[in-house]
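The task is simple: from the sequences and hints, build the whole structure.
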Amino acid sequence: MMMAGSNFMKLSFASRSENEAFARVAVASFASQLDPDMNELTDIKTVVSEAVTNSIIHGYNNRSDCTVTITARIEDETLYLTVEDQGEGIADPEQARQPLFTSKPELERSGMGFTIMENFMDRVEIETEIGKGTMVRMTKRIESKKALYN
Amino acid sequence: MSLHIEIEKGGRKTLIVRLAGELDHHTSEIVKAKMEEALEREGSIHVILSMKDLTFMDSSGLGVILGRYKQITGMGGKMVVCDIHPSVHRLFEMSGLYKIVSVQDNERQAVSSLEVVS
Numbered sequence: 001m002m003m004a005g006s007n008f009m010k011l012s013f014a015s016r017s018e019n020e021a022f023a024r025v026a027v028a029s030f031a032s033q034l035d036p037d038m039n040e041l042t043d044i045k046t047v048v049s050e051a052v053t054n055s056i057i058h059g060y061n062n063r064s065d066c067t068v069t070i071t072a073r074i075e076d077e078t079l080y081l082t083v084e085d086q087g088e089g090i091a092d093p094e095q096a097r098q099p100l101f102t103s104k105p106e107l108e109r110s111g112m113g114f115t116i117m118e119n120f121m122d123r124v125e126i127e128t129e130i131g132k133g134t135m136v137r138m139t140k141r142i143e144s145k146k147a148l149y150n
Numbered sequence: 001m002s003l004h005i006e007i008e009k010g011g012r013k014t015l016i017v018r019l020a021g022e023l024d025h026h027t028s029e030i031v032k033a034k035m036e037e038a039l040e041r042e043g044s045i046h047v048i049l050s051m052k053d054l055t056f057m058d059s060s061g062l063g064v065i066l067g068r069y070k071q072i073t074g075m076g077g078k079m080v081v082c083d084i085h086p087s088v089h090r091l092f093e094m095s096g097l098y099k100i101v102s103v104q105d106n107e108r109q110a111v112s113s114l115e116v117v118s
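So the protein sequences, as listed, match chains A and B. Everything in the first sequence is counted per this note's numbering, starting at 1 for the first residue and increasing by one. Everything in the second sequence is counted per this note's numbering, starting at 1 for the first residue and increasing by one.
Because the hints were derived from the structure by calculation, they are not lab data. There may be inaccurate statements among the hints.
[Claimed, not checked] Here are a few chain B residues that face chain A, going by a calculated C-beta distance under 10 Å:
| hint | residue |
| --- | --- |
| 1 | T55 |
| 2 | G61 |
| 3 | L91 |
[Unchecked claim] Each pair of labels, with its calculated beta carbon distance range:
| hint | chain 1 | residue 1 | chain 2 | residue 2 | range |
| --- | --- | --- | --- | --- | --- |
| 4 | A | F22 | B | S102 | 26 to 36 Å |
| 5 | A | K10 | B | E37 | 35 to 45 Å |
| 6 | B | S2 | A | R63 | 22 to 32 Å |
| 7 | B | E42 | A | R97 | 36 to 46 Å |
| 8 | A | D65 | B | G11 | 43 to 53 Å |
Don't be surprised by glycine CBs; every beta carbon is placed ideally from N, CA and C.
Laid out in structure tokens, this is it:
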């Protein structure tokens with residue numbers, strides 16, 4: 001549901017690891033309208049990287065012929081992000097959120113993906129269904145712009 | 001958006017690994033392969049990660065660093081990180097990496113900190 005007056009974008013791309021950099025730079029460019037400072041911009045790039053990497057590695061098991069979709073919306077001073085795949089889904093999303101938890105220990109994963117998303121964003125929600133896919137919704141209010149005017 | 005890696009010996013048992021660019025899932029595989037190969041070839045047990053121009057890292061980067069940390073501490077070695085970019089500093093702080101690796105301002109200090117232990 002797009003509200004009148006809000007700006008938005010949608011981006012779909014192949015589930016290839018080289019697109020992780022593309023995705024975070026694209027979202028950061030879009031978010032730059034909110035005038036984020038360097039830390040906020042890094043936070044946004046990092047969480048996009050985490051969610052897209054999860055879709056590729058876990059959602060699609062490293063298959064490169066699937067699609068990852070990102071939407072971003074700006075409303076007032078807040079960035080609303082979704083990262084979606086039509087992959088395997090997450091059996092236990094609460095467990096996936098635990099720091100250091102990884103379903104693929106053999107791959108040298110740090111298990112910090114969701115912990116980073118939760119730390120760098122104001123809100124993180126996971127919608128997932130086995131065999132259907134996963135959507136991660138995140139929001140972040142950009143504070144730096146406000147501070148400038150005060 | 002690529003990653004550059006440069007590896008050189010920084011002492012008898014020390015490797016200096018200079019990373020520049022962006023370390024994510026895509027580029028972490030290269031870093032893992034190159035570091036494992038160099039550790040074996042040089043017989044090194046200590047690693048200095050020099051990251052002045054590494055402007056981005058995510059949890060995949062943490063994974064490869066933790067993997068090498070386990071590998072070298074298993075051989076009795078130490079890992080030192082230096083010249084950390086502000087954006088990577090936030091990730092290290094948040095993830096607790098600073099609690100396990102030692103931190104130095106620059107490569108020279110990192111090398112001398114290891115000369116004391118080896």
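To see whether the hints hold, each was checked on the structure:
no.: 1; hint: T55; in the structure: 9 Å, holds
no.: 2; hint: G61; in the structure: 8 Å, holds
no.: 3; hint: L91; in the structure: 7 Å, holds
no.: 4; hint: A/F22 <-> B/S102: 26 to 36 Å; in the structure: 35 Å, holds
no.: 5; hint: A/K10 <-> B/E37: 35 to 45 Å; in the structure: 42 Å, holds
no.: 6; hint: B/S2 <-> A/R63: 22 to 32 Å; in the structure: 23 Å, holds
no.: 7; hint: B/E42 <-> A/R97: 36 to 46 Å; in the structure: 40 Å, holds
no.: 8; hint: A/D65 <-> B/G11: 43 to 53 Å; in the structure: 47 Å, holds
Violated hints: none; the structure is consistent with every hint.
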